[in-house]
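Protein chains: 2
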Amino acid sequence: MIFGCLLNLIFLLLAAKKVLIVYAHQSSGSFNAAAKDAAVEVLTTQGYTVDISDLYAMNFKATATAEDIKGDVKEAEHFRYSKETRLAWEDGRLSEDITKEQTKLTEADLIIFQFPMYWFSVPGILKGWIDRVLTSGFAFTQEKLYSLGIFKDKKAMLSFTTGSPESMFSPTGINGDMNVTLWPLQNGILHYCGFQVLAPQIFWAPSSASPEARTSMLEGWRTRLQGLLEEKPLSFIPLDGFDEKGFQLKPHVHEEHASKEFGLTVGVHLGKPIPPNCMMKAGS
Amino acid sequence: MIFGCLLNLIFLLLAAKKVLIVYAHQSSGSFNAAAKDAAVEVLTTQGYTVDISDLYAMNFKATATAEDIKGDVKEAEHFRYSKETRLAWEDGRLSEDITKEQTKLTEADLIIFQFPMYWFSVPGILKGWIDRVLTSGFAFTQEKLYSLGIFKDKKAMLSFTTGSPESMFSPTGINGDMNVTLWPLQNGILHYCGFQVLAPQIFWAPSSASPEARTSMLEGWRTRLQGLLEEKPLSFIPLDGFDEKGFQLKPHVHEEHASKEFGLTVGVHLGKPIPPNCMMKAGS
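Quick note, the sequences are listed as chains A and B, same order.
Residue numbers for the first sequence follow our numbering, beginning at 2 and rising by one.
Residue numbers for the second sequence follow our numbering, beginning at 2 and rising by one.
Treat the hints with care, since some could be wrong.
Any copy, or any two copies together, can satisfy a pair, since identical chains are not distinguished.
[To be verified] Under the rule of at most 30 Å between Cα atoms (straight-line distance), these lysine-lysine pairs were calculated in the DSSO-like manner:
| no. | residue 1 | residue 2 |
| --- | --- | --- |
| 1 | 71 | 261 |
| 2 | 273 | 261 |
| 3 | 84 | 145 |
| 4 | 71 | 282 |
| 5 | 153 | 19 |
| 6 | 105 | 62 |
| 7 | 62 | 84 |
| 8 | 155 | 246 |
| 9 | 261 | 246 |
| 10 | 145 | 18 |
| 11 | 273 | 251 |
| 12 | 233 | 153 |
| 13 | 273 | 233 |
| 14 | 19 | 105 |
| 15 | 233 | 18 |
| 16 | 261 | 282 |
| 17 | 101 | 251 |
| 18 | 145 | 105 |
| 19 | 101 | 62 |
| 20 | 62 | 75 |
| 21 | 101 | 246 |
| 22 | 251 | 282 |
Calculated directly from the structure, the hints in this document are not laboratory data.
The structure displayed is predicted, hence computed values, not measured ones.
Can you build the whole structure from these sequences, using the hints too?
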């Protein structure tokens with residue numbers, strides 16, 4: 002009986018979906034910490050295994066240097082980070098801190114990046130994680146990218162706070178449409194590696210909000226977390242919509258879309274208006 | 002006579018315009034190094050004073066932490082980087098490495114950021130420079146931003162290499178329109194601080210190019226450098242086009258633009274097609 006229970010438990014643990022939270026805030030008293038803690042609590046309660054990479058606490062190295070490679074580099078005089086780390090990944094010569102993160106990523110079904118937006122992007126320490134962990138060969142190859150990317154069976158999402166209110170990030174606001182700002186991050190990093198990209202969780206200017214409004218934002222996040230892994234991802238163009246040589250949209254896709262009001266995505270807009278909120282909501 | 006010459010020389014040195022190159026490549030044998038060296042040579046020959054922040058050689062710290070502040074922080078439990086560094090800047094308590102970069106920036110008439118594009122953005126080490134050096138108060142305030150920004154009498158530009166060819170970054174290419182990828186960098190960082198943004202210098206995939214093509218790219222850059230400081234900057238919307246409360250486009254600007262084919266900028270697109278190449282060429 003006890004043996005059976007143990008077997009069941011082991012089975013459940015092995016079968017449990019895993020979530021990795023890559024977390025980049027300096028303070029445990031921050032709104033970002035509260036958002037991360039809420040995710041841990043709700044997801045764990047639902048039976049998911051949650052791992053955290055707390056980048057500041059880990060003193061995570063943010064710079065892409067030759068120290069990321071164990072032993073000699075191939076071309077010291079003409080050091081090229083992408084090429085050298087690809088070779089090092091093939092030979093198992095990447096530094097321990099990178100390898101550990103790659104293992105966490107490989108085991109995860111969903112990656113949540115939790116951070117305060119700095120300068121319309123991720124903080125330097127998180128950009129360092131992206132630059133160093135998503136090694137060529139490990140995270141993408143020339144053939145395995147976008148919808149055929151290496152992580153196509155995984156999900157990923159951005160969860161972040163802004164300093165400015167939502168209105169400033171509208172298509173008539175001074176910061177410009179948030180969908181544009183999200184394109185390089187969600188298409189160029191997450192979707193590039195194949196991730197199914199879940200809609201971002203944007204906490205608009207919590208530092209200027211009332212305690213009640215902050216609580217309400219966190220409650221909204223908790224509610225969303227309960228169905229997060231079943232959410233439909235954002236739409237991108239399948240890789241076979243582009244020719245293999247120049248990665249240009251195939252003429253038939255272009256023609257099929259000719260009469261449509263909006264472009265296909267923010268970046269592949271075909272000279273048409275950007276599809277509204279396509280980087281913010283699934284099915285847009 | 003000699004005294005007169007000396008006075009003239011001192012005058013010329015004091016009057017000489019200054020250029021700061023913020024350079025982020027690991028190797029002196031790289032194409033980025035050659036682009037940086039070409040800038041130093043051509044600009045110096047023309048009488049400009051050129052300063053370089055060689056971020057990897059400086060082992061520049063890329064992470065925004067409490068160590069950036071000398072002495073105690075105000076709220077250790079609820080550390081907020083932006084707020085704490087603003088106070089530290091006001092009190093002259095920012096770390097030496099930040100202060101040094103801020104002095105270089107203050108003295109410069111033009112800043113050139115020279116880097117390889119990593120993941121549709123700047124490398125982590127350069128993002129760290131941006132996060133840490135462009136301190137609230139020093140680089141922007143709530144009133145002094147965009148066209149009324151603190152650095153409105155300075156110019157800035159991105160000069161970078163890509164891994165992918167130009168065609169992949171077209172509005173029908175798989176990476177999407179490069180103008181979209183440039184928006185958060187050029188509007189959200191450079192123009193946000195007031196800089197007049199010169200058109201980017203994009204070296205398309207030099208690592209896949211022939212030696213002749215690489216030489217030709219550098220020659221093009223040398224030619225451009227000769228007139229660089231006289232170039233007309235990219236177009237953005239003046240700050241007074243937005244209302245002061247919500248930073249929304251004023252109704253009369255919206256109306257005046259209603260019949261136009263394209264939006265005003267990539268981000269402030271008003272639901273219209275993006276103005277072609279507006280982040281790549283002045284006057285677009």
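How would you label the pair residue 145, residue 105 (within, between, both, or neither) given a Cα cut-off of 30 Å? Classified as within: same-chain Cα gap 20 Å, cross-chain 43 Å, threshold 30 Å.
Under a CA distance limit of 30 Å, which applies to residue 155 and residue 246: within one copy, between copies, both, or neither? Within one copy only: 27 Å inside a chain, 42 Å across chains, cut-off 30 Å.
Between copies, within a copy, both or neither: which fits residue 233 and residue 18 at Cα up to 30 Å? within (17 Å within a copy, 54 Å between copies)
Residue 101 and residue 62: within-copy, between-copy, both or neither at 30 Å Cα: both (13 Å within a copy, 22 Å between copies)
Check residue 233 against residue 153 for me: Cα-Cα at most 30 Å, and say if that holds within a copy, between copies, both or neither. Within. Shortest intra-copy distance 14 Å satisfies the 30 Å Cα cut-off; inter-copy 44 Å does not.
Have a look at residue 261 and residue 282 and pick one of within, between, both or neither, based on CA distance no larger than 30 Å. Classified as both; 19 Å inside a copy, 28 Å across copies.
When no copy is specified for residue 105 and residue 62, does a C-alpha distance of 30 Å or less occur within a copy, between copies, both, or neither? So residue 105 and residue 62 pass the 30 Å test inside a copy (17 Å) and across (26 Å) alike.
Regarding residue 84 and residue 145, is the shortest C-alpha distance of 30 Å or less found within a copy, between copies, in both, or in neither? Answer is within; shortest intra-copy Cα gap is 17 Å, inter-copy 43 Å.
For residue 101 vs residue 251, is the C-alpha pair at or below 30 Å within one copy, between two copies, both, or neither? Neither way: residue 101 and residue 251 sit 40 Å apart in one copy and 51 Å across, limit 30 Å.
Given identical chains, is residue 153 near residue 19, meaning Cα to Cα at most 30 Å, within a copy, between copies, both, or neither? Within. Shortest intra-copy distance 15 Å satisfies the 30 Å Cα cut-off; inter-copy 48 Å does not.
Homo-oligomer pair classification [residue 261, residue 273; C-alpha up to 30 Å]: So residue 273 and residue 261 pass the 30 Å test inside a copy (9 Å) and across (14 Å) alike.
30 Å Cα threshold - placement of residue 246 relative to residue 101: neither (35 Å within a copy, 47 Å between copies)
The earlier numbered hints that this structure contradicts are 1, 4, 17 and 21.
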